[in-house]
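Single-letter residue listing:
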Amino acid sequence: MPRYYFHVSDGQRFDDLQGTELPDLACARKEALRFASGLLTDAKPNFWTGEEWTMRVTDDADLTLFTLMFVATNSAATDWN
Amino acid sequence: MQGNLRTAFCSMELLAHRLASMNALSAAEWELLLERRHPSRAYSPRSEIGGTGGGGVRHSLIVSGWASREHISHNGRRQLLSILLPGDLIGDPAEVHALDAVEIVALSEVRTIATAGFMSVVNGGADRYRGIASGLSALRCEEDTRLLDHMVRLGSQPAPQRIASFVLELFARCRVIGLVTDSSFAMPLTQEMLGGALGLSVVHVNRVIHRLKADRLISLHGGRVTIEDAIGLAGLAESMSG
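Note that the protein sequences, when read in sequence, are chains A and B.
With the first letter of the first sequence counted as 1, position 8 gets the number 0 in the numbering used here; the numbers rise by one all the way through.
Position in the second sequence (from 1) plus 31 gives the number in the numbering used here.
These are calculated hints, taken from the structure and not from any lab test.
In this text, all values refer to a predicted model and were calculated from it rather than measured experimentally.
There may be inaccurate statements among the hints.
[Stated by the list, open to error] Among chain A residues calculated to face chain B with C-beta under 7 Å, some are: (1) P(-6); (2) F(-2); (3) D2; (4) T12; (5) D16; (6) C19; (7) R26; (8) F27.
For glycine and all other residues, C-beta sits at the position ideal for the given N, C-alpha and C.
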């Protein structure tokens, strides 16, 4: 089975050196969404200050297969809060 | 997959000590528990031990190995509802439990002995075996409490807290049954199993374990978990921030 590496930058950098074996790219995409939703659920307050949240998924050769990016953009209305 | 039928004879000693830790047992009760060794049945990892797929609940006692109560969704995702360790009972002839309908799967090589005969003797001699009966009831209560704790863990805890509290719970349970040596215990759970138990993706489990090791709260070597900083790990388990 191919091995996929899920590198995350969310205020602190997590380089996935171990990787995870998954059957194919479709499974890697599904796993990435599940992982991202778990991490975003527990996101720290700096996520809301505009810090970019990125997950880059690579193969064994460090080729980037896809990237997930999230960024919170507050509207001017939230300046009141 | 059906478990194989290699037979070895095992005692109920572990169950006897768990029951005795809850209330005093009489000489007759110790005799009933320890009087003989029982033929055991072995199950290879991933084989089903009992539950809906096995043609009814097999009342049994786990004498070695780890198993889990599992729910498998239509999309194939496994949710491990609880972990069963040596000394845990499967099925209760005295009353029907919702948990009896849940599949039980061996996580490592598991050995069980049948308890139907033992249970009918206990239930038939209520006065003579009052200590055992009340201990069995306390064991059921303990599993119910663990399930409630697990619901809270899944419903309201961030990933690091989930893993920290789960590891601490397993550590405490292993200590009761004498499987802890120098703050370490064998944990035959893959990261995929941990994810299945804790509602986390495998990579999320991987990341949190990486962090727990980097923070020197636990270490992992050859399938054994060592609690390096019990106070720190407990502090993380009880905190509310990720």
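Hint by hint, here is what the structure shows:
no. : hint  : in the structure
1   : P(-6) : violated, 14 Å
2   : F(-2) : holds, 5 Å
3   : D2    : violated, 10 Å
4   : T12   : holds, 5 Å
5   : D16   : violated, 15 Å
6   : C19   : violated, 11 Å
7   : R26   : holds, 4 Å
8   : F27   : holds, 4 Å
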